[in-house]
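Trainee: One letter stands for each residue in the lines below.
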Amino acid sequence: MAGKSGREISAVPASGIKGKLLSWEGALILILIGVNILGVAISPNYNVSNVLREMPRYLAEIFMMFGMGYILVLGDIDISVGALVCLAGTITVLSSNAGAPFGLAVVICLAVGLLGGMLNGFIATRFTELPTMIVTLGTQIIFRGIAEVLFETWGNGGGTASMADTKGLMLLAKKIGPFPIAFFCVIIVGVVMITVLSKTTFGRKLYAIGSNKTAAYYAGVKVEKIRFICYSLLGFLAGVCALFLLTATFGSNTTTGQGFEMEVIAMCVFGGIATTGGKGNLIGGFIAAFIIVCLRIALGQRNINTQIILVIIGLMLIISVLVPSISSAITARKKKAQT
Amino acid sequence: MKKKSIGQFLSGSREASLVIVLVVLLIVVGVINPSFLSFTNIRQIFLNNTLTFIMALGMLCVMLTAGIDISITSTLAFAGMSIGMLQKYDVIHNTFLLFVIGALIGIVCGFLNGIIIAKGNVAPIICTMGFMYIWRGMAYVISNNNWASGMDVAGFSDFGKDGAPGPYIILIVAYVVFFVVMKWTRFGRRIYAVGSNTEAARVSGINVDRTLTSVYTIMGFLAGLSGVLSVSIYASAQPNMQYGKEMDVIAACVIGGVSMNGGRGSVAGTFLGALIIGIISKALPMVNIPNFWQNLIKGVIILAVVILNVVTQRTMDRQNLLRREM
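Residue numbers (the working numbering), protein chains in the order written: chain C, 2 to 340; chain U, 1451 to 1776.
Isolated chain C, as found in the complex (with noise of 0.2 Å):
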């Protein structure tokens, strides 16, 4: 029963939540499938072969959807990680030009994405106090600051540079049958995280920060380790993802990533993921991001004013929030008629 708050104070039974979350992943397959049938019917090109070899460009994104999920599912937020990629990817041209193999180029790249996201994880969990979209969007700001001053003191200004050895990426950009690697990295990072998060304690203790945190850490959990370890995950695979991009761009300037980190939200809340955390999980962000991907490559191969897919996105992303909230005024309308 609502309380005189309008709060609902009964507890909803562990079936019914499972059973929504089932539903939920099921209409957003459907809704991937339909996008597909839709590629297919307005695009002539829109085949398997055309898909995935317009796929690498949008694959680095999902990389950081997982991260991103973890933070999201603990109750926090990270807006920082368009700079880190742009950052790491600065960092990895500018080395590589400046003689850098290509080996240590890629060490480089991760190590950078790493050390953005325990910057943030510092800073977030030494000071608890901060909303953690203050912290990061400090960071957001200095990361790509960062990148601006070295563009036009190490490299050679404008605010773009573009990689002079591109054999080493051509190698990860290469396929095998029709996949490109990065795909097979998605898939293998997909699943992985996916486990961690729901078969492992450490993802079980991710929803209990996320539901609670005081409980949490009365029940023991190592509330502050944890979000750093979070944090430096979302960093790392900031910088896969800045790697694999350089694999379709080949270079990088001051806006690459630019709305990154807003793409990635969107696409794990539009997969069940709630921002207010302990909800949701991966599975479904991982079928929203390949519907956002079809989507893309399908509008684009039509020539449809590309930017429509803005107002798409953005129309998904609010019905999928609004759907909960509007069935359980159903719902509540439903019990009252009962009464």
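If you're looking for bench data, these hints aren't it; they were derived computationally from the structure.
Hints should not be assumed to be uniformly reliable.
[What the hints assert, rightly or not] Using 30 Å as the maximum straight-line C-alpha spacing, the simulated DSS-like pairs for lysine-lysine come out as follows:
#  : chain 1 : residue 1 : chain 2 : residue 2
1  : U       : K1569     : U       : K1732
2  : U       : K1611     : U       : K1538
3  : C       : K335      : U       : K1569
4  : U       : K1611     : U       : K1569
5  : U       : K1732     : U       : K1611
6  : C       : K206      : C       : K223
7  : U       : K1569     : C       : K336
8  : C       : K337      : C       : K214
9  : C       : K175      : C       : K223
10 : C       : K200      : C       : K214
11 : U       : K1569     : C       : K214
12 : C       : K280      : U       : K1569
13 : C       : K200      : C       : K168
14 : U       : K1569     : C       : K337
15 : C       : K280      : C       : K206
[Unchecked claim] Chain U is nowhere near these chain C residues, computed Cβ spacing over 10 Å in every case:
#  : residue
16 : S44
17 : V52
18 : N98
19 : G139
20 : G178
21 : I195
22 : V197
23 : S199
24 : A216
25 : A220
26 : K226
27 : A249
Every residue gets a Cβ at the ideal spot worked out from N, C-alpha and C, and that includes glycine.
Could you slot chain U onto chain C? The hints should help.
Mentor: Below, chain U alone, put in the same frame as chain C:
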């Protein structure tokens, strides 16, 4: 009783410490480059940051209710693009009418945000993120990827060109109105009440949903207004205008001492926060620091300010505890 020490006074009043930061900043920059303190220069700081100044007011209201609105620059682009297109295709050239249309578009956008957040119980960041995509996309769609050039908006841009009084008047009026409303009217105090403790506000008879909706509507109105102003000041309308600048607005509020958890913040603080951000971006080139250092320094200052705030708060709490022990 002991008199308050200077340190306690400063940490107690956010505005006082901001004023000191501002004065120090002005003195340092003024000594290195005296022309920084010239009237023209200071006027330009306000003109260049009019949009941040105005939208920071709306963001203050939104953040007071523990919300956030990241759709503002998209609303700005949509409103700005709409009036840009109206002029490009010679539909309307009346400045006043264009302002009304832009503001109305903003109000509609903001109202949609508010109604979904209040009635649909959606997290503000998610709802406004959705509209961030929608309005930005709409700005591209209605303009069909074109943009309105200085020629298209020729007569209209006189309103906001360097030296014209229009933007300053709007700025002053907006700040005076908000200062009065937030401090002395029932509506303003309701916003604080909702932000401090939503449940308590609801129990004491405040219509929380209506307050939330009106707060986001105000934000939308200011964003729409800024869209029109932006077209006027920069004499062009592009679909990607002010992309990502919502973070500047949020940063201005945060520096100005507005709490993200709601209920804490003031118009004066917001003004000072926006002014500090404006001064940093204007002052760097004048003290021989190249412009590309701007973002890095801005980011460091934002983080430093918020962390310093936490640290002073902690020491204050500890001192209070110690005093109680005795």
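Trainee: Against each hint, give a clear statement of whether it holds in the structure.
Mentor: Status of the hints after comparison with the structure:
Between the alpha carbons of K1569 (chain U) and K1732 (chain U) the distance comes to roughly 42 Å, so the proposed pair goes past 30 Å and is violated. A C-alpha spacing of about 19 Å is found between K1611 (chain U) and K1538 (chain U), which places the hinted pair at or below 30 Å, so the restraint holds. Of the pairs offered as hints, the one joining K335 (chain C) and K1569 (chain U) holds, with about 18 Å between alpha carbons and a cut-off of 30 Å not exceeded. Taking the CA atoms of K1611 (chain U) and K1569 (chain U), the gap is near 41 Å; set against the 30 Å cutoff, the hint is violated.
Of the pairs offered as hints, the one joining K1732 (chain U) and K1611 (chain U) holds, with about 18 Å between alpha carbons and a cut-off of 30 Å not exceeded. Of the supplied pair hints, the one linking K206 (chain C) and K223 (chain C) holds, its CA atoms being roughly 9 Å apart against a limit of 30 Å. A C-alpha spacing of about 19 Å is found between K1569 (chain U) and K336 (chain C), which places the hinted pair at or below 30 Å, so the restraint holds. Taking the CA atoms of K337 (chain C) and K214 (chain C), the gap is near 34 Å; set against the 30 Å cutoff, the hint is violated.
Note on K175 (chain C) and K223 (chain C): the hinted pairing is violated, with a Cα-Cα distance of about 42 Å set against a maximum of 30 Å. Distance restraint check for K200 (chain C) and K214 (chain C): the Cα-Cα separation of roughly 20 Å lies within the 30 Å cut-off, and the hinted pair is therefore satisfied. With a C-alpha separation of about 27 Å, the suggested pairing of K1569 (chain U) with K214 (chain C) holds against the 30 Å cut-off. For the proposed pair K280 (chain C) and K1569 (chain U), the alpha carbon gap of about 21 Å is at most 30 Å, so the pair holds.
Among the hinted pairs, K200 (chain C) with K168 (chain C) is inconsistent with the structure: their alpha-carbon atoms are about 40 Å apart, more than 30 Å. Among the hinted pairs, K1569 (chain U) with K337 (chain C) is consistent with the structure: their alpha-carbon atoms are about 18 Å apart, no more than 30 Å. For a cut-off of 30 Å, the pair hint linking K280 (chain C) to K206 (chain C) stands: about 12 Å separates their Cα positions. Chain U leaves S44 (chain C) outside its interface by the beta-carbon criterion, the shortest separation being 20 Å against a cut-off of 10 Å.
Interface exclusion of V52 (chain C) from chain U stands, the closest Cβ pair being 23 Å apart, more than 10 Å. Against the 10 Å criterion, N98 (chain C) stays outside the reach of chain U, whose nearest CB is about 18 Å from its own CB. Interface exclusion of G139 (chain C) from chain U breaks down, the closest Cβ pair being 4 Å apart, not more than 10 Å. Against the 10 Å criterion, G178 (chain C) stays outside the reach of chain U, whose nearest CB is about 35 Å from its own CB.
In this structure I195 (chain C) is separated from chain U by more than 10 Å, as the shortest Cβ-Cβ distance comes to about 22 Å. No beta-carbon of chain U comes within 10 Å of the beta-carbon of V197 (chain C); the shortest separation is about 25 Å. With a least beta-carbon separation of about 23 Å from chain U, S199 (chain C) lies farther than 10 Å from that chain, consistent with its non-interface assignment. Distance to chain U confirms A216 (chain C) as a non-interface residue, since its nearest Cβ pair spans about 20 Å, more than 10 Å.
Every Cβ of chain U is farther than 10 Å from the Cβ of A220 (chain C); the closest lies at roughly 24 Å, confirming the non-interface assignment. For K226 (chain C), the shortest C-beta to C-beta distance to chain U comes to about 20 Å, beyond the 10 Å cut-off, and the non-interface label holds. The non-interface label for A249 (chain C) is consistent with chain U: the shortest C-beta to C-beta separation is roughly 22 Å, beyond 10 Å.
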